[in-house]
Every structure is written in structure tokens, then in C-alpha cells.
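Colleague: Residue numbers (UniProt numbering), protein chains in the order written: chain Z, 1 to 339; chain S, 1 to 339; chain B, 1 to 339.
Since the hints were derived computationally from the structure, they do not count as laboratory data. Don't take each hint at face value.
To be verified - In silico DSSO-like links for lysine-lysine, alpha-carbon gap of 27 angstroms or less:
id	chain 1	residue 1	chain 2	residue 2
1	S	Lys131	B	Lys244
2	B	Lys111	S	Lys37
3	S	Lys242	B	Lys244
4	S	Lys245	Z	Lys299
5	B	Lys111	B	Lys68
6	S	Lys307	S	Lys242
7	S	Lys37	B	Lys281
8	S	Lys245	Z	Lys37
9	S	Lys37	B	Lys244
10	S	Lys111	B	Lys307
11	Z	Lys281	S	Lys307
12	B	Lys68	Z	Lys111
13	B	Lys281	Z	Lys37
14	S	Lys245	B	Lys244
15	S	Lys112	B	Lys307
16	B	Lys307	B	Lys321
17	S	Lys139	B	Lys281
18	S	Lys111	B	Lys296
19	Z	Lys111	B	Lys37
20	S	Lys157	S	Lys139
These figures come from a predicted structure and were not determined experimentally.
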Amino acid sequence: MSVSQTCEASSSLQICRLMRPDDANIVGNVHGGIVLKMMEEAGCIIGTRHCNTQSGDRCLAALVRVEKTEFLTPIFIGEVAHVTAEITYTSKHSLEVQVKFMAENILTGAKKLANKAALWYVPCSLQNVEKIMEVPAIKYASAEQEEEGRKRYEAQKMERQETKARTEEVMPPPPNPEQHTVGFSQSSLIHLVGPTDCTLHNYVHGGVTMKLMDEVAGIVAARHCNTNIVTASVDAINFHRKIKKGSVVTVTGRLTFISNKSMEIEVLVDASSLVEAEKGKYRAVSAFFTFISLDKDNKPLPVPPLKINGEEEQRRFEEGKARYLQSKAKRLANQARQQ
Amino acid sequence: MSVSQTCEASSSLQICRLMRPDDANIVGNVHGGIVLKMMEEAGCIIGTRHCNTQSGDRCLAALVRVEKTEFLTPIFIGEVAHVTAEITYTSKHSLEVQVKFMAENILTGAKKLANKAALWYVPCSLQNVEKIMEVPAIKYASAEQEEEGRKRYEAQKMERQETKARTEEVMPPPPNPEQHTVGFSQSSLIHLVGPTDCTLHNYVHGGVTMKLMDEVAGIVAARHCNTNIVTASVDAINFHRKIKKGSVVTVTGRLTFISNKSMEIEVLVDASSLVEAEKGKYRAVSAFFTFISLDKDNKPLPVPPLKINGEEEQRRFEEGKARYLQSKAKRLANQARQQ
Amino acid sequence: MSVSQTCEASSSLQICRLMRPDDANIVGNVHGGIVLKMMEEAGCIIGTRHCNTQSGDRCLAALVRVEKTEFLTPIFIGEVAHVTAEITYTSKHSLEVQVKFMAENILTGAKKLANKAALWYVPCSLQNVEKIMEVPAIKYASAEQEEEGRKRYEAQKMERQETKARTEEVMPPPPNPEQHTVGFSQSSLIHLVGPTDCTLHNYVHGGVTMKLMDEVAGIVAARHCNTNIVTASVDAINFHRKIKKGSVVTVTGRLTFISNKSMEIEVLVDASSLVEAEKGKYRAVSAFFTFISLDKDNKPLPVPPLKINGEEEQRRFEEGKARYLQSKAKRLANQARQQ
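Whenever a hint applies, use it, and build me the whole structure from the sequences.
Modeller: In C-alpha cells, the structure reads:
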């Protein structure tokens, strides 16, 4: 029987579990954050396993980037999630894991692809978390496959360096009582990092951070349109700095752009140590989440327009619009190519 | 004492479970919020069970008030918590449950009383949550016992009515970058109410709310003094309004008063429905938590003084000081009486 | 790629996840109850999936029995658990699922078999939980394999009927202050069943019940010997009655027998509705757990002898001794056969 064989193969892995009430909102839709968290767990396991197949320090795979990803179909309580992960590229110090999330209705037997994403990890030594280990090379089916991986590697490397500069920006605070403004729906949550959130070397799992980010973004979206909302997509997320056990994490979400039927929400994650005040707050992660609003038959609803106040909000709106148009053009190009 | 006998009798109950890593902070101290949550669960079970021993609508006991309570000793991961609850007074529409929290070190056999509190419940019909059912009377050991219960009942009733007025007050927002000011440590968290937070009729358990309150208060305290902090006591908490499943709860904590070795933190809980915008935010609960700062041997440390800005903060500081002095006087009087 | 293929095959399934701090005791040993709960989830998924491959009412597989199972090796935080389940026999109204629990150290690559067990399920209609559906037959590799399955089926059926009578027995209460008596270590916990504990038709997952049972048994064992204790084995467990959402579950454990290096603990699970007091308590499950005591190098320690009080305790001790000797004889016979 092939079950345990797939498990032996160090280059692929499958996680599965039942979706529970706590994974979903009141209407029964599983939160996007749960999907991201499970995908990251699969990536972390396969990445860590792969990087320890060599001699030298034992190490853990730490998430440094998730490529843009789309939520293709809603998932419900009682369905079984199957997450499969495969290592698809290795550079000297990083590896790419492609992860698929399938949802199976075990009552009808129906299966659907709910999400797929590419995650980048680097192996950090357990002795010294700042020491990045070398990644054993994988074998490629073809030279072409390797070349495509190398291109993806170069592209994400460049983008990670670009976004580094932006991370120092500070979050302006002003809540606004007028409905449909940015200030009205802006929301923050504080989370005290606990043992269950952490890896063996006491840093927060990337998946836990993404779950918190999705939670805040969902609250922002719901506050703006007062309907059932779901995560539609997430832009590339870069994990600039690690978050240590015992930190306080502040996750803030604010609307940046609204199209006819979607909302773009910027989510900023700031961390600070509870007991070492001198070190101060730092920006650990930031990303853009896109949400849509659904009616009772799970069909997209129009979204109320955003009331803009001031130049800063206007600038962010324009930037969001550019991202929206770019991603729309890409989608259309992909569709054309596939036909 | 006959644990399971008392368990048969519908007027007392015992809950126990192991303390786990997620129940505690990094140093291993169990959060005060976990203690309050377990005590409320015991009260809810015994109250609900008692109120359903009569004919009529089935009902659930909803928490309306917790009397001031003190944390007598720290509790650690690996200890077993024993929570015992007993119904000690019944009025026509409410009942008082006295709850004790013992911590047992199962390796040494040592047991210590960690907390005791009095909780007040009212039975709400499962058909119509606004309908308050009648409470079956309990039997008292003596007329004196009944009379004392009646006095406690009258006292809390009066206090609950007094605090009602204060609940509409709005939370001033200003975070302040200067250390040891009120604005510097002020913190808020947002929580989206999930199924696990709720009772059978889809309202948040009082214990869940208290756990969130303790969490925010702990973050405020730690931000102020950057040390290991623990809950020392909680002033009486009144639950003014119920919080429904699907609500967004915003819990805000701010320092009000600081003595040599303790911090008083006011915690305000505001709730709003995610999908029914028209209803708006409402103040559901508010309370004062007192925290102390501990060194590595669990001994109290001096707390940095609070820098006051403006009249409002000064007024709240004076009020806090009055509560502090009053509670100190009470404690001394009790000690004198016991000698 | 073979990953998704194994997932397609309806007769086998794999669940895996990282072991977290909350899954383990202070020393880092994963609780036996977590192992049992994950194994039951795998069995429930594969059983439910299989029973819905036919037309007729949609149904869920409800656990009715777990065969005696042994914990072969300790599991630690940070290891990855792989649970594989396979349907190995089907009768008209029930199915047998054999489940293996492997623990993988992803840092060293080491894998070990931690547990295997056989679970029996019956498919209950989602429309009417009392209606037992028919189970589609599986194909056997050989007639011999089918015949062996049929024998296991008959044996467990007979045993289930025998134990039915015993379930009405009531738990005698007297805790005893003298150390090493039955009353001294006897423990109870009460749990209010929440949504996350339940299946789609609002009955408690068998795995959730087993986790609670293991928790109580662990407390009893630790109280008796004041050392690090782990689950060594669990006797066959019969699930006599289902437990509904909103129930209060009382789980009681008491020592029955002690050999040189092991403790047998009887665990009884009683359930009652929170709001329908008149319906009364009923015995839902009962089982015998065997624990051992470990020193710092994970080697078994001698266990303090049990002080017996009265005829009832003596009778239970003798029965436990008979089970112990029988299971020891079986183990020796198995070892002889394998040589």
C-alpha cells in the first residue's frame, strides 16, 4: 500500500484533518487564516525534514515569504482538509515548497481545490538561530524545471529586498466615527505569544502570524460592509523579522482600496518584547489581503465605496488600484494563455 | 470530604483539570484569566442544573456579577486545579454560587487555596433569552445563614444599579510615546466571538470575557514595568449586557492608579455585531484589575510611578487611590477580627 | 505523484501534524489521550467516507469500540505524528478500522511505531441518529483474510454484549486521606461539552471522550506515585451510549490493581444533560487504563503497593490481577510465536 511510502519520500508530504466549528465563521465558512496556517505547517515539516537529511547542526525551516495566493472556493465545517506539500526548488540557503489545499466532502465524496501557494523557507540552526544552514539540493525532473525554479527564486529575492525599505513606516492611528471611512473600520488586535504558537526554537510559526493577520483583515472587511465576508486572495507576504516567544504582537488592518466587488486591506504586524523594553517595537510582517462580500447563496455582493480623507489615504488608494489592475491583467493573460 | 457525594447533590459541584503550557505565561505562572474562566464554568454548570430542577422552560444560568476576589498564591503548569462550587443563596430570580479554586501539586501532594469568589447568576429561558425564569429555593442550614445571604443579595443589587449609569462613558484613545504614562501602556484587543466561546443559547460565557479582560490587563501591566507580572485581585465585575455569537469584542485596558507595589488597571469591554451595523457598539462589562510585579523568586517588586497627564487621568488616579485605601482598610480590619 | 492517489483510495487515509507543547506533560511526553484522539479522528474520517459511497441517507461513522491497545514508545514535543488508517473488515452494520500511529523526529529522521489499534464504527444516519445504515462491503485480498476479520467481529460482538450489564454499576464515593489507598488517588473531572468536541450531528467524538479519560487516569496515577507517569496500555473500550452536545460529562478514575511496575485504573464516564435534569445520569463509557511510572531516563520505576479497604476493592483488585496475568501470558505467547 502506498500510504506510508509517500510519507517516506522526503520530498512530499500530506496533512489532513476535519474542519471544526472553531475553524469557521458563524455562517460556516472556514477562515482563510486556518487554510494558510495548515499550509504553512505542511511546508515547515517538509522543509525541516529535508534540511536535516545532511550532517551538521540540526535546524528548523523558518518561513520567509509566501507568494500571492488565491482562495478558489469556500470550505465548510465537517469537510476534510487535505494539504499536500512538495519541495520544488532549492537554492544554497533557501527552499521553495508548493502546497495545495483540497477540501473533501466525505458525505458526498466531492473534492475541490481550495488553494495553492508557494512558500519560501530558510533553515536556521537550533544552536544559533541567526546561523543559516545550507540546503541539500533536490533532483529536478528536467533542466527546464530547474531553470523555472531559478527564475522564481531570483524574482522573489529581488522583491524581498525591495519591500525591506517599506517596513519602517509607522501606522497612523486615527479611528474615525464616520461609516465607510478608513478610520471607521481600522482594527487592531493584540496577541501574547504562547508556547503553542511557537516552534522548537521558540519563534512564532509563520502560519500562526498569517492566521492572526487574516482575522484582523476579516474584522476590517466586515465592519466596512456588514455582511458575510471571505478571504479572496493574499498578496505576497514577506517575513522580515522573527517573533520570539513572550512577545506581544499588535496586528493592525486598514482598508486601502475598494473595487466594485472587493476590498483590499493592508495588514501590519508589529512585535515587541514584553520584558525587554529597551528593544522597542519592530515591524515583523506586512501584507495585503483581499476580501469579498457574499450574499446568502455565496454570490459576491457589491461593496460600499470608500470615503477617502487626506493625501496619505489617497496615495494608498492609488497604489491599491494599481495592484488591483495589475493582478486583473495577469489573470486575464493567464486565461488567454490557457485557451 | 466526600467529593463525589457532593457531586451527586445538585447544590455542589467539582471541576478539575491539569494546568497546561497555554494556561500560563513564559515564566510558568497560570494566568488569572484561566482561574476566573474555570470558576465561572463551575458556577454556570451548577446554576443551570439547579434552575432546571423545576417544570417550565429549560434555561441557562447567565453570569451577571462576580464579587471582588483575590489571588492568594501563584499556580504553575503541571499542577491540578480543583474548582468546587456551591449554591449559597437564591432570590426569586437570581442565585449566588461560591466557588473555591485549589491547586494541587500531584508530585508532592501539596494543596493550596488559590482563589475564592462569589458569582451571581440569573436563569434565562432557552426559548427567549430575555425571559428570566424563577429560581427554585434552596434550603439553608440555619435562619442566620439565610439572613446573611439576603444581605449579600441586597448589597450586590444596589451596587449593580449604581454602576449602570457609569457604563455609557466612552474610552479616550490617546496612545502616548513617553514611557510610564497612561497612554504608553494602554492596550486594546479585538476578539471575534467563536462557537467555543458560547453557551447553548449562543451568548458568550462570562468566564471567556473575564479571560480576555485579564489578558489585556496583563499586557498593560507588563508594558508599564517590563517584568513578570501576575493578577493580584479583581474588583467586583458587573455584566451589564450579554454578548452574542458573531460579535466583535474590543477589550481595552488602561492604568488608573499605582501604589508602591501594585497597579490598578481599568478594563472596558465593548461589543458590536459584525453584520448588524445599525445597532452600534455597546459597553458590555467593565472592571478594575490589580496586578503586582514579581522578581525571579516570586517576591513583589516596586512598580515605577505613573506619569499623569490632564485632569481626567488625575481624577481616575484619585478614585483608584480611594479604592486602594478602602480595600487596604478592609483587609486590616479582617486580619484584626481573625486574631 | 502518488500523494493524491493515496488520498483518492477510499480504504486508507493518513493524518499528520506536529506535536505541540499543549499535547504533552511538563516533562515533554505527549499524553496518551492525544494519541487516542488523533487515531479516532482518522478512523472516523475513513469510516464516514466509506459508508457514504452508497446511495441512501448520508451518515456519520460513530465509534462503538476500541480494542485493547499498547503504547510502545514515548512521543515528544516537536515530533511529527503520522496516523494511518485502513478499513480491514466490514459486517452488515459495522466496520473495523486498523490505525497505526508513527512518530517521526524530523531532525534526525528517526521513525518509530508508537501505537496501533483496531476501532469499530457503526454508520448513523444524519437524518435520524438512531437509524443504523448498511455498510458497503470491502474487497479482501484473500478468503483467509476475510475469515480472520469475521472472527474478530464475532469476538468483539460477544464482548460488547457481556460488558453491557456492567455499565449500570455505580461509582462508590469515599475519598480517603491515607496515602496509597484507592480513595486517596481517586479523581473526577467534569467537562461541559462544547461545539468543538462534537461531530456534525452534535454528538461527542469518541476521541474527545478518550482524551478526557486518559487525563483523569493520569491524575490518579500521578497522585499514587508522585512521579512522571505515562500511559502504557488501554483495555478494550466500549462506547455504550452516545453523548450529546450540551451534556455535562463526569469522568472518574480509581485504582483497581497494581503490579510491581504498573497501575491499572478504571475510568467511568457518566453523562447527563445540563438542562434536562429529570432524564438522569447514564454511564456512557468505561475502560481500564494501565500507567507506568518513569524516572528521569524514561526507565520504569517500582510502584508503591495499593492499600486495600473492604471487599469491593479486594474484588476489583483480584479482577485486575486476572486481567494483568492474562495479558502477560498473551504477550509471552506472542513473543514465543515470533521467535
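Colleague: Confirm or reject each hint.
Modeller: Hints, one by one, checked against the model:
1. Taking the CA atoms of Lys131 (chain S) and Lys244 (chain B), the gap is about 25 angstroms. The hint holds against a cut of 27 angstroms.
2. For the given pair, Lys111 (chain B) sits about 39 angstroms from Lys37 (chain S) by alpha-carbon distance, which is inconsistent with the 27 angstroms threshold.
3. Simply put, Lys242 (chain S) and Lys244 (chain B) have alpha-carbon atoms about 25 angstroms apart, close enough for the 27 angstroms limit, and the pair holds.
4. For the given pair, Lys245 (chain S) sits about 23 angstroms from Lys299 (chain Z) by alpha-carbon distance, which is consistent with the 27 angstroms threshold.
5. Of the supplied pair hints, the one linking Lys111 (chain B) and Lys68 (chain B) holds, its CA atoms being roughly 23 angstroms apart against a limit of 27 angstroms.
6. The suggested pairing of Lys307 (chain S) with Lys242 (chain S) is violated, with an alpha-carbon distance near 35 angstroms, which exceeds 27 angstroms.
7. For the given pair, Lys37 (chain S) sits about 25 angstroms from Lys281 (chain B) by alpha-carbon distance, which is consistent with the 27 angstroms threshold.
8. With a CA separation close to 24 angstroms, the supplied pair Lys245 (chain S) and Lys37 (chain Z) stays within the 27 angstroms bound.
9. Proximity of Lys37 (chain S) to Lys244 (chain B) is assessed by CA-CA distance (about 23 angstroms); at most 27 angstroms being required, the pair is judged to hold.
10. Straight-line distance between C-alpha atoms of Lys111 (chain S) and Lys307 (chain B) comes to about 22 angstroms, which keeps the hinted pair within the 27 angstroms bound.
11. Simply put, Lys281 (chain Z) and Lys307 (chain S) have alpha-carbon atoms about 21 angstroms apart, close enough for the 27 angstroms limit, and the pair holds.
12. Between the alpha carbons of Lys68 (chain B) and Lys111 (chain Z) the distance comes to roughly 35 angstroms, so the proposed pair goes past 27 angstroms and is violated.
13. For the given pair, Lys281 (chain B) sits about 40 angstroms from Lys37 (chain Z) by alpha-carbon distance, which is inconsistent with the 27 angstroms threshold.
14. Pair hint Lys245 (chain S) plus Lys244 (chain B) holds up; C-alpha atoms about 21 angstroms apart against a cutoff of 27 angstroms.
15. With a C-alpha separation of about 26 angstroms, the suggested pair Lys112 (chain S) and Lys307 (chain B) falls inside the 27 angstroms cut-off, and the hint holds.
16. A C-alpha spacing of about 15 angstroms is found between Lys307 (chain B) and Lys321 (chain B), which places the hinted pair at or below 27 angstroms, so the restraint holds.
17. Only pairs whose Cα atoms come within 27 angstroms are accepted, and Lys139 (chain S) paired with Lys281 (chain B) is accepted, the gap being roughly 23 angstroms.
18. Restraint check for Lys111 (chain S) and Lys296 (chain B): the C-alpha separation of about 24 angstroms stays at or below 27 angstroms, so the hint holds.
19. A C-alpha spacing of about 25 angstroms is found between Lys111 (chain Z) and Lys37 (chain B), which places the hinted pair at or below 27 angstroms, so the restraint holds.
20. A hinted pair counts as satisfied when its Cα atoms are at most 27 angstroms apart, and Lys157 (chain S) with Lys139 (chain S) qualifies at roughly 22 angstroms.
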